[in-house]
Amino acid sequence: MKYQSIIVEDLQVAADFLKRYCEKSGAIDVLAHFLNAEDAMEFLKDNVIDLIFLDVEMPGASGFELLDQLVYTPQVILTTSKTEYAYDAFQHNVTDYLKKPFTYQRFLDALQKVSKKTEQINGGSEQDHMFIKADGKLIRLHNDDILFIESMGDYVKFITPVKKYITHNTIKNLETKVNPLVFMKVHRSYIVNFTKINDIQENVLFINGNMIPISKTHKSGVMQKINIL
Amino acid sequence: MYNEDQKIAFLFSPELNFEFLKELYGDDLQQAEMVFESTVQQLRSEQQLAESRFHDGDIPGLKKVIHKMKPLLGYIGLNGYMEEFAAFEKICLESGTATYAEKGFHHIRDLTDHAIKTAEKEFLRLKEHNTQYL
Chain U
162 MKYQSIIVED
172 LQVAADFLKR
182 YCEKSGAIDV
192 LAHFLNAEDA
202 MEFLKDNVID
212 LIFLDVEMPG
222 ASGFELLDQL
232 VYTPQVILTT
242 SKTEYAYDAF
252 QHNVTDYLKK
262 PFTYQRFLDA
272 LQKVSKKTEQ
282 INGGSEQDHM
292 FIKADGKLIR
302 LHNDDILFIE
312 SMGDYVKFIT
322 PVKKYITHNT
332 IKNLETKVNP
342 LVFMKVHRSY
352 IVNFTKINDI
362 QENVLFINGN
372 MIPISKTHKS
382 GVMQKINIL
Chain X
5 MYNEDQKIAF
15 LFSPELNFEF
25 LKELYGDDLQ
35 QAEMVFESTV
45 QQLRSEQQLA
55 ESRFHDGDIP
65 GLKKVIHKMK
75 PLLGYIGLNG
85 YMEEFAAFEK
95 ICLESGTATY
105 AEKGFHHIRD
115 LTDHAIKTAE
125 KEFLRLKEHN
135 TQYL
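As given, the protein sequences belong to chains U and X, one line each in that order. If you number the first sequence the way the numbering used here does, the last residue is 390 and the count never jumps. If you number the second sequence the way the numbering used here does, the last residue is 138 and the count never jumps.
For reference, chain U alone in the conformation it holds in the complex:
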C-alpha cells in the first residue's frame, strides 16, 4: 500500500528534504506541499488522504489548529524544530513526532509507526467497510453494500443498490485501498465487488443489471478469482 500524503511546511528546505525521503522510501506519494495551514485546509475539503507531514509553527494558523478543523482523521507526523509540543501531540493523537532536521533512518522509524497504526485501524486485511467523502460528509459504506466503483475522471462513483455516491478520487488510488478479498479491478475504469457478480459473458460482467466491461489485461485475473465448477 502506498500512502497518499501532503506536506504542510513553511520551510522550503525542510519540505524538499521530506519529499526526497518520501520518494526514496517508495511507500509514500506526496500529493501536494503547502506553505501554510489555510491552503492545506482548502485542499483537505475536497481530498481524502492517509497521512499529513505537519509543521506546527507556521505563518497564520498553527498545525494544531489545522488538526482541530479536520472532519476526518488521517495519520499525522509532526515535523517541528521544538520538543515542547509533546503534550499537544499526544492530545491530537499524532502518530509520530520528528524533530527537524531528522535522518532518513528516523524517517523510516516514523513510517513503521504509520504502518502499524494502519494495521490496527484496518484490522489487517479484514476491513469490512470504508469511509468516503460525499455530499459534504463522511459516509461509512460496508463492503457488502457496494456493487461496484466507476471512474469519472478525477472522481469516482460508488454504486450501491439504493444510491450512487460521487467522490473525489481515482480508481488507481482506490485499487490499493479496498479490501482485495472482496474487490477487484476489472477494467481501468471499474472496480467490482466480485461477490455481487450475477453473470459473465465474454468480456463483460453483470451486476444488478449493470453491464461492466472486463479488459483483456484483467480477464485472466477475474477468471481465477471466480469459482467455476
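The hints are simulated quantities; they were obtained by calculation from the structure and are not laboratory data. Some hints here could point you the wrong way.
To be verified - Derived DEER-like restraints, expressed as beta-carbon distance ranges:
no.: 1; chain 1: U; residue 1: Lys298; chain 2: X; residue 2: Phe24; range: 42 to 48 Å
no.: 2; chain 1: U; residue 1: Gly187; chain 2: X; residue 2: Gln45; range: 27 to 33 Å
no.: 3; chain 1: X; residue 1: Asp32; chain 2: U; residue 2: Phe292; range: 37 to 43 Å
no.: 4; chain 1: X; residue 1: Leu20; chain 2: U; residue 2: Lys377; range: 56 to 62 Å
no.: 5; chain 1: X; residue 1: Leu138; chain 2: U; residue 2: Leu342; range: 45 to 51 Å
no.: 6; chain 1: U; residue 1: Gln281; chain 2: X; residue 2: Ser17; range: 44 to 50 Å
no.: 7; chain 1: X; residue 1: Gly61; chain 2: U; residue 2: Gln230; range: 30 to 36 Å
no.: 8; chain 1: X; residue 1: Leu20; chain 2: U; residue 2: Tyr233; range: 39 to 45 Å
no.: 9; chain 1: X; residue 1: Gln34; chain 2: U; residue 2: Gly187; range: 15 to 21 Å
no.: 10; chain 1: U; residue 1: Phe204; chain 2: X; residue 2: Phe24; range: 29 to 35 Å
Beta carbons: idealized from backbone N, C-alpha and C, even for Gly.
Start from chain U and add chain X according to the hints.
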C-alpha cells in the same frame, strides 16, 4: 562520505558536525550541495527579515523568524547554533521588548553571518567535488 561508484571521499569541514551530516545525507552529495545552496539563500533572506523585525521593535515577529532560521542551521551541521537560536527564541518570547532582546540579537547576528560564510564555503567545496566526481 564516499561516492559509491568511484569511492572518492568527501569529508565535511571539521567545524561542522560531520558525523551528523554523514547520517543526514548518506551518500547523496548532490542533495547536500542543493541543501547547502538553498540554506545560504534562505538564511540571507531570513536575516534581512530578522533585522527589519528587530529595528521595528516587533519581538513576536522576530521570534517567528528566529524559529524558522533555527532548523536551517541543523541542515548545514551547525547543531550547536540551533541551541543558541532556541535560547534566543525563548528570550524573545519572555521579554517582548527590543531593549531586553538587544544583546542577544547582536550575538545571533554574528552567528548568522558566520553560518552563512561557513555554509557558502561548504557549498563551493561540495559543488567542486560533485562536478569532479559525480
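Cross-check of the supplied hints:
A hinted range of 42 to 48 Å for the beta carbons of Lys298 (chain U) and Phe24 (chain X) is consistent with their spacing of about 47 Å. Against the hinted window of 27 to 33 Å, the Cβ-Cβ separation of Gly187 (chain U) and Gln45 (chain X) comes to about 30 Å, which satisfies the hint. For Asp32 (chain X) and Phe292 (chain U), the Cβ-Cβ distance of about 38 Å falls inside the hinted range of 37 to 43 Å, so the restraint holds. Between Leu20 (chain X) and Lys377 (chain U) the Cβ separation comes to about 58 Å, which falls inside the hinted range of 56 to 62 Å.
Against the hinted window of 45 to 51 Å, the Cβ-Cβ separation of Leu138 (chain X) and Leu342 (chain U) comes to about 47 Å, which satisfies the hint. The hinted window of 44 to 50 Å between Gln281 (chain U) and Ser17 (chain X) holds, with their beta carbons roughly 45 Å apart. The hinted window of 30 to 36 Å between Gly61 (chain X) and Gln230 (chain U) holds, with their beta carbons roughly 33 Å apart. The hint said 39 to 45 Å for the Cβ distance between Leu20 (chain X) and Tyr233 (chain U), and at roughly 43 Å that hint holds.
Between Gln34 (chain X) and Gly187 (chain U), the C-beta spacing of about 19 Å keeps the proposed range 15 to 21 Å intact. With their beta carbons about 34 Å apart, Phe204 (chain U) and Phe24 (chain X) fall inside the hinted range of 29 to 35 Å.
When the structure is compared with the earlier hints, no violation turns up for any of them.
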